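Enquirer: Using the sequences and the hints, build the whole thing.
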Amino acid sequence: SSQTQQSLFMARDSGRQPGVLGKVHAAINRLGLEQVNPASWAALREPSNVASACLDANIDHVGVGSLLMLANVLHVLRGDAETAREAFWEWLSQPVEENPSASCLLRSQAIIVVLS
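The working numbering puts the sequence shown at residues -13 to 102.
Quick caveat, the hints were computed from the structure, so don't treat them as lab data.
As the structure is a computational prediction, the values presented were derived from the model and not from experiment.
Keep in mind that the hints are not guaranteed to be accurate.
Derived CB-CB ranges, DEER-like [stated by the list, open to error]:
no., residue 1, residue 2, range
1, Asp66, Arg31, 19 to 27 angstroms
2, Pro81, Leu101, 14 to 22 angstroms
3, Asn15, Ser102, 17 to 25 angstroms
4, Asn85, Ala57, 27 to 35 angstroms
5, Ser94, Asn58, 17 to 25 angstroms
6, Ala28, Val62, 30 to 38 angstroms
7, Asp46, Gln80, 24 to 32 angstroms
8, Asn23, Leu54, 23 to 31 angstroms
9, Pro86, Gly65, 28 to 36 angstroms
We put the CB at the ideal spot given by N, CA and C, even for glycine.
Expert: Have a look at this one:
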(Lines of atoms letter the chains of each structure in order from A and count residues from 1; the text may use other names and numbers.)
(Lines give C-alpha, C1' and ligand atoms only; values in the text may rest on other atoms or scores of the structure.)
Protein backbone atom coordinates (compact mmCIF):
# COMPACT_ATOMS: atom_id res chain seq x y z
CA SER A 1 0.00 0.00 0.00
CA SER A 2 1.01 3.63 -0.39
CA GLN A 3 1.19 4.09 3.38
CA THR A 4 3.55 1.10 3.69
CA GLN A 5 5.73 2.51 0.92
CA GLN A 6 5.89 5.91 2.59
CA SER A 7 6.74 4.41 5.97
CA LEU A 8 9.75 2.65 4.42
CA PHE A 9 11.34 6.00 3.57
CA MET A 10 9.80 8.57 5.88
CA ALA A 11 11.97 7.82 8.94
CA ARG A 12 14.87 10.27 8.93
CA ASP A 13 17.50 7.99 10.47
CA SER A 14 18.68 5.26 8.13
CA GLY A 15 19.04 2.81 11.03
CA ARG A 16 15.27 2.40 11.10
CA GLN A 17 14.95 1.62 7.40
CA PRO A 18 15.16 -1.93 6.11
CA GLY A 19 17.57 -3.38 3.57
CA VAL A 20 18.23 -1.68 0.28
CA LEU A 21 15.92 1.25 1.05
CA GLY A 22 18.03 2.20 4.05
CA LYS A 23 21.17 1.99 1.91
CA VAL A 24 19.64 4.21 -0.79
CA HIS A 25 18.58 6.74 1.82
CA ALA A 26 22.07 6.75 3.36
CA ALA A 27 23.72 7.19 -0.06
CA ILE A 28 21.47 10.09 -0.98
CA ASN A 29 21.94 11.72 2.42
CA ARG A 30 25.70 11.82 1.70
CA LEU A 31 24.94 14.20 -1.18
CA GLY A 32 23.77 16.90 1.26
CA LEU A 33 20.58 17.74 -0.61
CA GLU A 34 19.43 20.07 2.15
CA GLN A 35 22.36 22.34 1.21
CA VAL A 36 21.14 22.89 -2.36
CA ASN A 37 19.95 26.44 -2.91
CA PRO A 38 16.47 26.55 -4.53
CA ALA A 39 17.81 29.26 -6.85
CA SER A 40 20.12 26.62 -8.34
CA TRP A 41 17.10 24.66 -9.58
CA ALA A 42 15.68 27.79 -11.19
CA ALA A 43 19.07 28.57 -12.76
CA LEU A 44 19.36 25.04 -14.10
CA ARG A 45 16.04 25.42 -15.87
CA GLU A 46 17.32 28.47 -17.77
CA PRO A 47 18.66 27.35 -21.16
CA SER A 48 21.41 29.98 -21.13
CA ASN A 49 22.79 28.64 -17.83
CA VAL A 50 22.82 24.96 -18.74
CA ALA A 51 25.51 25.31 -21.39
CA SER A 52 27.80 27.33 -19.15
CA ALA A 53 26.97 25.54 -15.88
CA CYS A 54 26.32 28.82 -14.03
CA LEU A 55 24.77 27.23 -10.98
CA ASP A 56 25.08 28.43 -7.41
CA ALA A 57 25.54 24.90 -6.05
CA ASN A 58 28.21 23.90 -3.58
CA ILE A 59 29.24 20.33 -4.35
CA ASP A 60 32.63 20.32 -2.63
CA HIS A 61 31.29 17.77 -0.14
CA VAL A 62 30.32 15.32 -2.92
CA GLY A 63 33.20 12.98 -3.65
CA VAL A 64 33.69 10.04 -5.93
CA GLY A 65 32.95 7.69 -3.03
CA SER A 66 29.51 9.25 -2.52
CA LEU A 67 28.67 8.95 -6.21
CA LEU A 68 29.89 5.35 -6.40
CA MET A 69 27.85 4.45 -3.34
CA LEU A 70 24.76 6.01 -4.92
CA ALA A 71 25.33 4.18 -8.21
CA ASN A 72 25.80 0.85 -6.42
CA VAL A 73 22.67 1.09 -4.30
CA LEU A 74 20.57 2.27 -7.24
CA HIS A 75 21.80 -0.75 -9.18
CA VAL A 76 20.74 -3.03 -6.33
CA LEU A 77 17.39 -1.24 -6.09
CA ARG A 78 16.71 -2.04 -9.75
CA GLY A 79 16.66 -5.73 -8.89
CA ASP A 80 14.65 -5.32 -5.68
CA ALA A 81 10.93 -5.77 -5.23
CA GLU A 82 8.60 -3.41 -7.05
CA THR A 83 7.31 -2.18 -3.68
CA ALA A 84 10.80 -0.98 -2.77
CA ARG A 85 11.19 0.84 -6.10
CA GLU A 86 7.79 2.50 -5.68
CA ALA A 87 8.70 3.54 -2.13
CA PHE A 88 11.96 5.02 -3.44
CA TRP A 89 10.21 7.16 -6.06
CA GLU A 90 7.62 8.26 -3.52
CA TRP A 91 10.39 9.30 -1.11
CA LEU A 92 12.29 11.06 -3.90
CA SER A 93 9.21 13.18 -4.64
CA GLN A 94 9.20 14.57 -1.07
CA PRO A 95 10.81 17.88 0.02
CA VAL A 96 14.42 17.83 1.24
CA GLU A 97 13.43 19.74 4.40
CA GLU A 98 11.54 18.10 7.24
CA ASN A 99 9.39 21.24 7.66
CA PRO A 100 9.47 22.56 4.09
CA SER A 101 9.31 26.23 3.23
CA ALA A 102 7.50 27.47 0.14
CA SER A 103 10.76 27.50 -1.85
CA CYS A 104 11.94 24.07 -0.67
CA LEU A 105 13.16 21.73 -3.39
CA LEU A 106 12.05 18.15 -3.84
CA ARG A 107 14.76 15.53 -3.36
CA SER A 108 14.60 14.71 -7.07
CA GLN A 109 15.22 18.36 -8.01
CA ALA A 110 18.11 18.69 -5.55
CA ILE A 111 19.75 15.52 -6.88
CA ILE A 112 19.57 16.86 -10.43
CA VAL A 113 21.28 20.09 -9.31
CA VAL A 114 24.03 18.18 -7.49
CA LEU A 115 24.64 15.89 -10.45
CA SER A 116 24.68 18.82 -12.89
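Enquirer: Return the numbers of the hints above that this structure violates; sort them in rising order.
Expert: 1
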